[in-house]
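Trainee: Residue numbers (the working numbering), protein chains in the order written: chain A, 1 to 166; chain B, 1 to 166; chain C, 1 to 166.
The set of hints was computed from the structure by calculation and includes no laboratory data. Glycine included, each C-beta is placed from N, C-alpha and C at the ideal position. Take these hints with a grain of salt, some might be off.
As the list claims (entries may be wrong) - Pulled a few chain A residues facing chain B out of the computed Cβ check, cut under 10 Å:
| # | residue |
| --- | --- |
| 1 | M38 |
| 2 | V40 |
| 3 | L44 |
| 4 | G49 |
| 5 | D62 |
| 6 | E72 |
| 7 | S85 |
| 8 | D86 |
| 9 | G102 |
| 10 | G112 |
| 11 | Q118 |
| 12 | F119 |
Stated by the list, open to error - Below, computed lysine-lysine pairings styled on DSS-like, alpha-carbon distance capped at 27 Å:
| # | chain 1 | residue 1 | chain 2 | residue 2 |
| --- | --- | --- | --- | --- |
| 13 | A | K26 | B | K4 |
| 14 | A | K4 | A | K26 |
| 15 | C | K15 | C | K78 |
| 16 | B | K6 | C | K4 |
| 17 | A | K15 | B | K78 |
| 18 | C | K15 | A | K4 |
| 19 | C | K6 | B | K26 |
| 20 | A | K26 | A | K6 |
| 21 | B | K4 | C | K4 |
| 22 | A | K15 | A | K78 |
| 23 | A | K4 | C | K6 |
| 24 | B | K78 | B | K15 |
| 25 | B | K15 | A | K4 |
| 26 | C | K4 | A | K4 |
| 27 | C | K26 | C | K4 |
| 28 | B | K26 | B | K6 |
| 29 | B | K15 | C | K6 |
| 30 | C | K4 | A | K78 |
| 31 | B | K6 | A | K4 |
| 32 | A | K6 | B | K4 |
| 33 | B | K26 | C | K4 |
| 34 | C | K15 | B | K4 |
| 35 | B | K26 | B | K4 |
| 36 | C | K26 | C | K6 |
| 37 | A | K26 | B | K6 |
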Amino acid sequence: MLIKAKTIQLHTAEKVQLFDLTNEVKGFLAESGVWNGMGVVSTLHTTTGMFFTEVQDALWDDVDAFLRHLVEERAGYKHNDPRFSDCDRQNAAAHLRSILLGGSLALQVENGRLVLGQFQRIVFAELDGPRPRSLRMQFMGVGAALELPEWKKKDSRQFPTNGGVQ
Amino acid sequence: MLIKAKTIQLHTAEKVQLFDLTNEVKGFLAESGVWNGMGVVSTLHTTTGMFFTEVQDALWDDVDAFLRHLVEERAGYKHNDPRFSDCDRQNAAAHLRSILLGGSLALQVENGRLVLGQFQRIVFAELDGPRPRSLRMQFMGVGAALELPEWKKKDSRQFPTNGGVQ
Amino acid sequence: MLIKAKTIQLHTAEKVQLFDLTNEVKGFLAESGVWNGMGVVSTLHTTTGMFFTEVQDALWDDVDAFLRHLVEERAGYKHNDPRFSDCDRQNAAAHLRSILLGGSLALQVENGRLVLGQFQRIVFAELDGPRPRSLRMQFMGVGAALELPEWKKKDSRQFPTNGGVQ
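Could you put together the complete structure from these sequences and hints?
Mentor: The following block contains the structure:
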C-alpha cells in the first residue's frame, strides 16, 4: 500500500482570496504513484476554507461578496474584544466563515486520476490574509498493477477475490 | 486490500430536490465486499450538495426554504450578469448553496455496515435542476476475514499485530 | 494494514455546547498503532456538528451567537409544526445548523501524529442538548515500520516502490 503526503506552502496577497489548487493536487497525485485509493486535502489554519467549486472570476467575486454578507465583519464579536480575547487580529468573522466552509476534503482516485466532475475544482480560501499558509494533501491506496513485482501479479491471479492487489 | 467504486446516475425533476441515497450506498457497500474500512461519497457537480440529515418531508421542506432564505436567489450576482459571465443558467445562488453544503462525505465501515446514527441518512441535494446528475461512491478496506484464502488466515494468526490482513 | 475504531460517548449539559475532542482523538490514534494513514471522525446524530476551529472561550461564544443569528430558532418551520411533523423536540433550527456545520471530518496521520495546524482543534457541537451523544473515530493505515516482523522489513527493502509496507 502506498501512503504519500506533501505540504503546499503559499503566500496570500489579499484579505480574502481564492486559489484553485486542483493542478497542484493532481500533480502530486501523479508523483505519488497512487492508482486507486483515497485522498484528503486539509488546510492547517482556522481562518481559511477548503471547498469544491467552479473557477470563474465572476463567481469568485460572488463568493467573496456572499461571505462578507453572510458573516458580518463587525458584529460585537467577543473574539475581537480585548476584554475577552488576547487575539489582536480582529478576525472573528474569518473564523466563522472558515467553520462554514470546512477545512478538509475527502477525495477519490480512479486509475491514477482524481475523481472530479467537469467543472469541479479544489479551492482554498484565504479569509484573513495576507499571510503565509500551509495545506497538506495525502493519498493512500494501491499503485498501478503494471508496477507490481512479478510474484505479486501471480498472487493477484491466484486470489482474484482479494481485488487483485494486496 | 479492496478498493471498489461505483457511479450513481440520477435525473432530478425539480429546481431544488433532496434525495436519500443511503440505501444505494449501503447496497454498493454490500456488493463491494469491504468489511472494515473507509468510504467517500462525492457529487460530481458544483450546484449540488451532500450532507447527513434525517429523512422527513417536513424537515426537507424546511431545508429547501432555509437555503432559499440564506442565499438570495437574485442579489446582483456577477455570475448571473452577461457582462461578467458566459454562464446563462443564472445559477449563482445554487453555486453558493453548494459551497455551504459541501460536496463529499467521509464514511466509516464496520463489520460490513455503514457507520451511521439511528436518524442519519446520506442526502444529495439538487440545487439547480432538473438535470442529469452523477455521484461517485468508493469504499476501501479489508474484506471479511472468513473470505480470506487459507494461507492468509495463517499469516494473520502468526502476525496478529498486523491486524490480521495484509 | 491497521483499521481501528472507537466510539466516544458524552453527555452534553447545555442546549448548544462545544467540545474540544482533539485529545480524545489523539489518544485513540496513539492506541491504534496507526503510524501513517487516514482517519474519519463522525457524529452519529443529526442535530450536532463537527468542525475544525481554535479553542477560545470568546470565539466559542461568538460561534454560538452566530449560529443562533444565522438560523432563526423559530421561523415557522414545518418540522416544529405538529400538523406536519411527529417530532416534538421543536429542533428544526438545530437540524439546519447541523447541515451547515457538517457531520464528518477527514483526517491525515503522519508519523503517528494527527496532522493539524497550530491552532486547529477537532470540535464537536451539541446543537439540541442536553442529551447523551456518540461519536465514532476510525484510523486506517500502516503501523510503525519498527514494529513489522523481520520478513516484512526484508520485503520492504526489496520492493521500495511499494512504499515499504504491504
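Trainee: Each hint needs a verdict: does it hold in this structure or not?
Mentor: Okay, the hints, checked on the actual structure:
At about 6 Å, the closest approach between the beta carbon of M38 (chain A) and any beta carbon in chain B falls short of 10 Å, and the interface hint on this residue holds. With 10 Å as the threshold, the beta carbon of V40 (chain A) comes within range of chain B, its nearest partner Cβ sitting at about 8 Å, so the hint holds. A hinted interface residue such as L44 (chain A) counts as satisfied when its beta carbon comes closer than 10 Å to some beta carbon of chain B; here the least separation is about 18 Å, so the hint is violated. A distance limit of 10 Å between C-beta atoms decides the matter here; for G49 (chain A) the minimum to chain B is near 9 Å, and the interface restraint holds.
Hint on D62 (chain A) holds. Least Cβ distance to chain B is approximately 5 Å, under the 10 Å limit. Because the closest C-beta pair between E72 (chain A) and chain B is about 14 Å apart, greater than 10 Å, the hint is violated. Because the closest C-beta pair between S85 (chain A) and chain B is about 26 Å apart, greater than 10 Å, the hint is violated. Interface hint status for D86 (chain A): violated, as the beta-carbon distance to the closest one in chain B is roughly 31 Å, over 10 Å.
Interface hint status for G102 (chain A): upheld, as the beta-carbon distance to the closest one in chain B is roughly 6 Å, under 10 Å. Given hint, G112 (chain A) at the interface with chain B, is violated; its Cβ is 13 Å from that chain's nearest Cβ, farther than 10 Å. With 10 Å as the threshold, the beta carbon of Q118 (chain A) comes within range of chain B, its nearest partner Cβ sitting at about 8 Å, so the hint holds. For F119 (chain A), the suggested interface contact is upheld, since its CB lies about 5 Å from the closest CB of chain B, less than 10 Å.
Taking the CA atoms of K26 (chain A) and K4 (chain B), the gap is about 21 Å. The hint holds against a cut of 27 Å. With a C-alpha separation of about 13 Å, the suggested pair K4 (chain A) and K26 (chain A) falls inside the 27 Å cut-off, and the hint holds. At most 27 Å may separate the alpha-carbon atoms for a hinted pair to count; K15 (chain C) and K78 (chain C) meet this at roughly 21 Å. A threshold of 27 Å between alpha carbons decides the hint, and for K6 (chain B) with K4 (chain C) the separation of about 25 Å falls inside it, so the pair holds.
The straight-line distance between the Cα atoms of K15 (chain A) and K78 (chain B) is roughly 20 Å, inside the 27 Å bound, and the hint therefore holds. This hinted pair does not check out: K15 (chain C) and K4 (chain A) have alpha carbons roughly 42 Å apart, beyond 27 Å. Between K6 (chain C) and K26 (chain B) the alpha-carbon distance is near 21 Å, which keeps this suggested pair within the 27 Å criterion. Simply put, K26 (chain A) and K6 (chain A) have alpha-carbon atoms about 12 Å apart, close enough for the 27 Å limit, and the pair holds.
For a cut-off of 27 Å, the pair hint linking K4 (chain B) to K4 (chain C) stands: about 20 Å separates their Cα positions. Proximity of K15 (chain A) to K78 (chain A) is assessed by CA-CA distance (about 21 Å); at most 27 Å being required, the pair is judged to hold. A distance of roughly 25 Å separates the Cα atoms of K4 (chain A) and K6 (chain C); the hinted pair therefore holds under the 27 Å criterion. At most 27 Å may separate the alpha-carbon atoms for a hinted pair to count; K78 (chain B) and K15 (chain B) meet this at roughly 21 Å.
Taken as a hint, the K15 (chain B) and K4 (chain A) pair is broken in the structure, with Cα atoms around 41 Å apart against an allowance of 27 Å. Simply put, K4 (chain C) and K4 (chain A) have alpha-carbon atoms about 20 Å apart, close enough for the 27 Å limit, and the pair holds. Distance check on the hinted pair: K26 (chain C) and K4 (chain C) sit about 13 Å apart at the alpha-carbon level, within 27 Å; holds. For the hint pairing K26 (chain B) with K6 (chain B), the CA-to-CA distance comes to about 12 Å; that is within 27 Å, so the pair holds.
Of the pairs offered as hints, the one joining K15 (chain B) and K6 (chain C) is violated, with about 40 Å between alpha carbons and a cut-off of 27 Å exceeded. At most 27 Å may separate the alpha-carbon atoms for a hinted pair to count; K4 (chain C) and K78 (chain A) exceed this at roughly 39 Å. Note on K6 (chain B) and K4 (chain A): the hinted pairing holds, with a Cα-Cα distance of about 24 Å set against a maximum of 27 Å. Restraint check for K6 (chain A) and K4 (chain B): satisfied, since their Cα atoms lie roughly 25 Å apart, inside the 27 Å limit.
Straight-line distance between C-alpha atoms of K26 (chain B) and K4 (chain C) comes to about 21 Å, which keeps the hinted pair within the 27 Å bound. For the suggested pair K15 (chain C) and K4 (chain B), the alpha carbons sit about 41 Å apart, so the restraint of at most 27 Å is broken. Straight-line distance between C-alpha atoms of K26 (chain B) and K4 (chain B) comes to about 13 Å, which keeps the hinted pair within the 27 Å bound. With a C-alpha separation of about 12 Å, the suggested pairing of K26 (chain C) with K6 (chain C) holds against the 27 Å cut-off.
In summary, the hint linking K26 (chain A) to K6 (chain B) is supported, as the alpha carbons are separated by about 21 Å, within the 27 Å threshold.
Violated hints for the displayed structure, listed by number in ascending order: 3, 6, 7, 8, 10, 18, 25, 29, 30, 34.
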